[in-house]
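Keeping their order, the protein sequence lines are chains A and B.
For the record, in the first sequence the residue sitting at position 175 is 183 according to this note's numbering, with numbers rising by one throughout.
For the record, in the second sequence the residue sitting at position 285 is 293 according to this note's numbering, with numbers rising by one throughout.
These aren't lab readings, by the way, just hints derived from the structure by calculation.
Misleading hints may appear alongside valid ones.
One copy or two, it doesn't matter: identical chains are merged, so the pair holds either way.
The calculated EDC-like cross-link candidates involving lysine to aspartate or glutamate, where the alpha carbons are at most 20 Å apart (straight line), are [said to hold, decoys possible]:
(1) Lys308 <-> Asp324
(2) Lys376 <-> Glu14
(3) Lys281 <-> Asp243
Number of protein chains: 2
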Amino acid sequence: MLKFPEPGDLVRVWRDGLILEGIVMPNTEFSSENILIIKLSNGYNVGVDLSKSRVEVIKERAYEVGKIPEPTTTSVRGSGEGKLKFISTGGTIASRVEYETGAVKPAINAEELIEMVPEYLEGFSTIEVLELYRLLSEDLTPSHWERISEEIFRSFESGADTVVVAHGTDTMGYTAAALAFSLQKLPAPVMLVGAQRSSDRPSTDSVINLKACAVIGKEAPFGEVVVVMHGSSSDSYVLAHRGVKVRKMHSSRRDAFQSINDVPLARVDFPSKKFVLINKKFIKRHTKEELTHLGKFSNKAALIKFYPNLDCSLIDYLIDRGMKGLVLEGTGLGHVRNACTPTISRAVGEGAIVVMTTQTLFGRVNMKVYTTGRKLIKAGVLPASDILPETAYVKLSWLLGNYPSDDAEELKQKFLTNYVNEFNPSHDEVHFPRWYHGG
Amino acid sequence: MLKFPEPGDLVRVWRDGLILEGIVMPNTEFSSENILIIKLSNGYNVGVDLSKSRVEVIKERAYEVGKIPEPTTTSVRGSGEGKLKFISTGGTIASRVEYETGAVKPAINAEELIEMVPEYLEGFSTIEVLELYRLLSEDLTPSHWERISEEIFRSFESGADTVVVAHGTDTMGYTAAALAFSLQKLPAPVMLVGAQRSSDRPSTDSVINLKACAVIGKEAPFGEVVVVMHGSSSDSYVLAHRGVKVRKMHSSRRDAFQSINDVPLARVDFPSKKFVLINKKFIKRHTKEELTHLGKFSNKAALIKFYPNLDCSLIDYLIDRGMKGLVLEGTGLGHVRNACTPTISRAVGEGAIVVMTTQTLFGRVNMKVYTTGRKLIKAGVLPASDILPETAYVKLSWLLGNYPSDDAEELKQKFLTNYVNEFNPSHDEVHFPRWYHGG
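Please model the complete structure; the sequences and the hints are all you need to start from.
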């Protein structure tokens with residue numbers, strides 16, 4: 009095997025005297041390392057054991073998996089009320105369709121969506137699916153956030169009542185924060201939904217996550233950007249987490265998404281589909297006319313996680329690369345080594361805004377307690393309370409994108425403004441999860 | 009106020025017609041921003057409200073707070089059995105003494121230790137206190153890990169039966185991992201202990217954490233490096249977490265330290281002081297003769313946390329700075345944006361070892377599922393299973409320090425070796441904490 013076969017490649021396989029030709033399909037979760045799924049010309053998929061077969065790539069990228077020439081919109085009519093706009097950006101949730109249909113068709117269209125979730129037909133009068141991207145979420149950048157945000161804004165303008173965004177789970181928290189900042193005073197929840205198990209597996213979580221979206225879209229009193237994902241490892245309930253307070257906390261569990269320094273906004277129980285409001289502190293729905301769209305994101309923000317002996321010159325490097333905003337993910341109450349104070353001072357001196365978050369994730373920064381923190385404040389670092397490091401990064405990118413001419417002091421004021429509950433002023437016991445400490 | 013008064017400065021204060029002179033004391037947790045504690049020449053401490061007083065720095069650094077000219081050893085004899093070696097590196101746990109005695113005396117000595125924990129007198133025949141550093145833990149570097157490790161090794165050589173290391177909590181997890189790798193086949197648990205509340209406060213957690221060390225030192229069947237800290241927000245029990253599997257998960261709670269992808273090794277209940285073994289899978293105590301010491305740490309390791317739009321040239325920059333080991337803290341199952349693959353390939357090509365961990369912290373990396381991961385493996389990235397990013401960083405520093413002439417392939421093999429349970433091959437339900445999802 010000269011070239012490692014990748015999805016989209018046309019390959020020839022020799023096995024037990026048999027020769028097969030087909031297109032390599034994207035791997036699904038829990039595929040074995042040694043099994044290659046190929047789609048034959050007759051449409052069937054077969055698994056090829058690489059340890060027992062010879063495989064040769066005949067043509068690289070015979071099909072452009074993951075690339076879409078043009079965003080496509082499809083729609084179907086339902087018997088219910090209201091218009092659902094479903095925007096697909098890619099990720100595992102869209103992989104069933106991609107997997108089943110091969111690499112030539114769009115990953116998802118309206119017909120396929122209602123096949124997965126027939127309830128949508130009863131729930132809405134129109135189900136409109138926009139396949140915007142077919143991206144792995146780790147490849148999304150601020151420019152994608154801009155486009156997704158714009159499409160949502162347009163959707164509401166053109167009559168959508170409920171908006172769902174299908175998204176890879178890896179960076180879903182980042183995108184959720186981006187949408188939360190860029191689209192405020194929402195007329196309805198904007199729901200990011202994904203799957204931790206690909207949709208062609210019996211154990212997929214995508215279907216009930218999608219069902220929960222219909223319930224939340226109809227019943228939630230809030231107009232916030234939320235991540236709608238499993239709340240337990242069974243199918244018993246789905247949670248709506250506040251987009252600026254949620255984090256992927258497990259690499260593979262279905263209930264990987266959890267709220268940090270906050271509680272989820274709501275829960276949808278299954279099979280009853282009962283909507284339960286958990287968080288009484290929410291931003292209510294606004295009218296469509298009130299919706300604001302401030303949708304630019306800058307490439308000039310960066311995040312540095314501190315660790316012992318961090319090379320402080322990294323900060324210089326980023327400033328020299330033109331960065332205007334820097335999130336430090338410090339230790340404990342918001343510290344980095346004292347040796348970094350001069351480079352941080354220089355960054356601030358050159359007009360960059362530097363904010364401090366904590367790698368403990370839970371709790372809040374308090375830089376007035378120890379000398380290190382006080383020195384950092386003196387150097388111009390902004391303590392960022394209990395905001396997640398990831399949300400702080402997105403917020404800086406958003407502020408720098410929309411207020412490029414603001415000076416650092418103005419940006420600091422804006423950074424400290426609590427736009428969409430990204431800061432939670434009061435923590436209590438339920439905000440820290442319970443850990444196993446023996447029977 | 010021309011110069012902001014810092015601990016150690018001699019200041020003059022004008023207030024209500026009164027003039028006071030004294031040394032600025034280190035702040036304690038929850039000190040108000042506007043209150044300066046100064047020690048008068050008569051030994052009393054007074055709080056000065058900065059908003060109502062005029063303060064002038066007469067002499068900067070009149071006392072060198074936090075600096076120790078020479079490590080000092082003090083000891084007292086007890087009525088029990090065995091020798092306790094107590095090594096102080098600084099941090100909040102040593103702050104009571106520093107605070108009470110001002111800046112002229114060592115932060116802690118044997119007399120002061122047994123004043124805090126009189127039980128040590130009954131528990132040991134000798135209590136020897138080495139004040140090695142008076143450092144804020146964010147300032148510790150690999151060279152400090154080397155020294156602490158060496159002192160522990162020497163302590164066991166010179167007859168210590170129990171070793172306790174007092175340490176700031178900010179980077180305690182990193183140091184714990186460093187000691188775990190450098191000191192293997194331990195004859196007794198090596199216990200890192202700290203405080204989240206300074207020792208001069210009634211709510212301090214340091215006393216029962218220190219008491220728990222005596223119990224664990226006597227009763228634990230394991231010879232591992234552990235972090236000994238509160239298990240709850242009350243004083244009901246203290247946990248011993250495996251040093252390579254523990255993380256500070258809250259900026260201020262007393263039970264901030266929690267085991268990730270593992271369960272704590274043991275619990276000490278209070279007030280009964282009952283020792284409860286929680287984790288049946290542990291490394292047993294060895295004889296003192298079996299103890300191995302491999303105590304070098306390299307400065308040529310680095311950690312990069314990935315986020316959307318990460319500037320991939322950071323990797324080039326670190327390699328150009330001479331880094332030989334790189335921990336990536338990727339998303340989900342172990343991904344970074346595809347745009348970074350070429351720079352990662354280059355790093356590997358130049359002989360660096362690049363390992364992948366996950367920013368979800370819980371769960372393990374699996375890079376065989378999605379294309380991104382497969383490409384990264386092909387580029388030479390080593391999937392690092394369920395190791396914590398912080399532990400992976402320390403492990404790379406340790407491997408590069410002790411095996412500087414190994415090539416990347418040999419280092420990869422060593423990296424994948426499970427030395428001290430830094431990899432946990434089996435996860436189950438209790439490894440993921442329980443979150444609040446409504447009543």
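For each hint, the structure was consulted:
1. Lys308 <-> Asp324: Both: 14 Å inside a copy, 19 Å across copies.
2. Lys376 <-> Glu14: between (53 Å within a copy, 12 Å between copies)
3. Lys281 <-> Asp243: within (11 Å within a copy, 42 Å between copies)
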